[in-house]
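Here the protein sequences come in this chain order: A and B.
Heads up, the first sequence is in my numbering, so the first residue is 1 and it goes up one at a time.
Heads up, the second sequence is in my numbering, so the first residue is 209 and it goes up one at a time.
Take the hints with a grain of salt, since some may be wrong.
[Said to hold, decoys possible] Derived lysine-lysine pairs resembling DSBU-like cross-links, with alpha carbons at most 35 Å apart:
| hint | chain 1 | residue 1 | chain 2 | residue 2 |
| --- | --- | --- | --- | --- |
| 1 | A | K121 | B | K257 |
| 2 | A | K114 | A | K166 |
| 3 | A | K121 | B | K335 |
| 4 | B | K234 | A | K63 |
| 5 | A | K11 | B | K257 |
| 6 | A | K159 | A | K11 |
| 7 | A | K114 | B | K335 |
| 8 | B | K257 | A | K50 |
| 9 | A | K50 | A | K172 |
Because the hints were derived from the structure by calculation, they are not lab data.
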Amino acid sequence: MNARDTVALFKLIAKEIEDNKTYLTELDTAIGDADHGINLSRGFGAVLPKLEGEFETVGEVFKTTAMTLISTVGGASGPLYGTFFLKMAGALGKAEIDLSDFVGALEIGIEGVKARGKAQKGEKTMLDVLIPVLDSLKNAATTGIPAKDAFDEALQAAKDGCEYTKTIIATKGRASYLGDRSLGHIDPGCMSSQLMVKAAAAFLGGKA
Amino acid sequence: MVSLVLLSHSLKLVEGIRDIIGEMAKGIPLFISGGNGTGGLGSDYAQIKDILHQAYRPEGTIILYDLGSTVMTAEVVMDELAQDMKSTIKISKAPLVEGSVVAAMEISGGAPLTDIMEALTEMELVK
Ligand SMILES: [Mg+2]
Chain A
1 MNARDTVALF
11 KLIAKEIEDN
21 KTYLTELDTA
31 IGDADHGINL
41 SRGFGAVLPK
51 LEGEFETVGE
61 VFKTTAMTLI
71 STVGGASGPL
81 YGTFFLKMAG
91 ALGKAEIDLS
101 DFVGALEIGI
111 EGVKARGKAQ
121 KGEKTMLDVL
131 IPVLDSLKNA
141 ATTGIPAKDA
151 FDEALQAAKD
161 GCEYTKTIIA
171 TKGRASYLGD
181 RSLGHIDPGC
191 MSSQLMVKAA
201 AAFLGGKA
Chain B
209 MVSLVLLSHS
219 LKLVEGIRDI
229 IGEMAKGIPL
239 FISGGNGTGG
249 LGSDYAQIKD
259 ILHQAYRPEG
269 TIILYDLGST
279 VMTAEVVMDE
289 LAQDMKSTIK
299 ISKAPLVEGS
309 VVAAMEISGG
319 APLTDIMEAL
329 TEMELVK
């Protein structure tokens, strides 16, 4: 995957977020402050024109996306996804990356999200999708299957992660004020993360 | 003099606190940011970045905030700062309203950063 592919991938992510803007906001209405879809849609809407620039490395595309999200999202997902992509950017300063480069960067991005949100797995946050996705991709990278198949498996891990958040109580973010009333609901941040994995799987599927 | 930065999801909230502080402690270096910059609730990276630079004092800066995501935005800004500037900024988990009043009174009396942070630590919430 090169910088041009990365631009195409982020365009697909932006479309996926835009298409599911209402759904994400509905999820956030149930257990949060009803802005997740609106905020991410504003953020990725601002990312799109920035992707028209020239990029030499994959990391530059990630960094531009990160800084634009930080500046424009306005809710918690701004600093969280911003930090995630920014940390990944630092590990992707190459013209061309493979699956193992991506997995390494993903791990660093997840550490960034943990630090920024002071959160761990099992707190009903985006980490409940991102960590299973990392584990799945890590496993795939060692078996040497094609990236497209790896992301199909990762998408299943993301879906399972989202479903899992229905069974746990939120202990971070606005939903934590609900106590056990957050049970039975999917975490909106998990769903937006799942949509990004879905876009990646679709992108690699289209390329293959 | 130590400077005070108040961050909230709501501009009205921090404007109200500024009014309350203004009755009691005049002339302290006070900076506020509330809302997403386009009139909605949330946080505004560019504004928070701007006020953290304006608030910079060698004596130190204290940030008080309401909910998690405002402080996450401030932490993103702080990560971009040079270490010597970053180390002058302390984030407190004291309740925003009461903590602001305590901090403002201490600042107006000329207290050093460590003493003010000690007073605020006693008030800390689970945030
Ligand atoms: Mg929200």
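Taking the hints in turn, this is what the structure says about them:
In summary, the hint linking K121/A to K257/B is supported, as the alpha carbons are separated by about 30 Å, within the 35 Å threshold. With a C-alpha separation of about 20 Å, the suggested pairing of K114/A with K166/A holds against the 35 Å cut-off. Note on K121/A and K335/B: the hinted pairing holds, with a Cα-Cα distance of about 18 Å set against a maximum of 35 Å. Taking the CA atoms of K234/B and K63/A, the gap is about 42 Å. The hint is violated against a cut of 35 Å.
Restraint check for K11/A and K257/B: the C-alpha separation of about 28 Å stays at or below 35 Å, so the hint holds. The suggested pairing of K159/A with K11/A holds, with an alpha-carbon distance near 22 Å, which does not exceed 35 Å. Distance check on the hinted pair: K114/A and K335/B sit about 16 Å apart at the alpha-carbon level, within 35 Å; holds. Taken as a hint, the K257/B and K50/A pair is honoured in the structure, with Cα atoms around 21 Å apart against an allowance of 35 Å.
For a cut-off of 35 Å, the pair hint linking K50/A to K172/A stands: about 32 Å separates their Cα positions.
In summary, the structure is inconsistent with hint 4 from the numbered list given earlier, while agreeing with all the others.
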